[in-house]
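Numbering (our numbering), first residue to last: 8 to 135.
Quick caveat, the hints were computed from the structure, so don't treat them as lab data. None of these values were measured; they are calculated from a predicted model. Don't take every hint at face value.
Distance ranges between label pairs, derived from CB positions [as the list claims (entries may be wrong)]:
1) Ala20 to Ser110: 33 to 39 Å
2) Val134 to Asn44: 40 to 46 Å
3) Arg24 to Ile90: 18 to 24 Å
Beta carbons are placed, not taken as given, at the ideal position from N, Cα and C, and that holds for glycine.
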Amino acid sequence: MDNAISWFEIPTADLDRATAFYESIFQIKFFPLDTPNLKMRMFPIDNMATGVGGALVYSGGFHKPSATEGPLIYLNANPDVQIVLDRVPGAGGRVIVPKTQISPEYGYMAAFIDSEGNRIALHSAPVA
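Put together the whole structure using the sequences plus the hints.
What follows is the structure, encoded as C-alpha cells:
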C-alpha cells in the first residue's frame, strides 16, 4: 500500500463558495464532476493510480460540514504551511491552529475552519 488514503471528500453547503475558497488559498483550479445525486469539484492530481485524490462535494445532506465532528483531513501545503494559511482569512475562513512544528522529522501543521464550516488541517514536510 503506497498511501493509507486513496480518496477524500470535503462536504459543502455552497459548492461555488467552497470552490472559490479552496481555489483562492491553494492557487489551483478544480475539475467538475457531477452525477444525478452528487456534485463534485475535484482537486487536481497527477496520477490517480498512485496519488491521493479528493473533492469538494455537495450531496444535499449526505455529506455534512462540521467544525468539530468526524476525521481531520490534512491537505498538502508544501513547501510551507504558512503560505496557504495566510490566504485563509481573506478567502472567508478562520485560522484555529497557527503554524506549529510537529517535529524536525515531520515538519509543520496548522488548522482552519473553511468557508463551509469544516475543520481542515494543513501539513508541510520539513525542508531538507
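For each hint, the structure was consulted:
no., hint, verdict
1, Ala20 to Ser110: 33 to 39 Å, "holds, 36 Å"
2, Val134 to Asn44: 40 to 46 Å, "holds, 43 Å"
3, Arg24 to Ile90: 18 to 24 Å, "holds, 22 Å"
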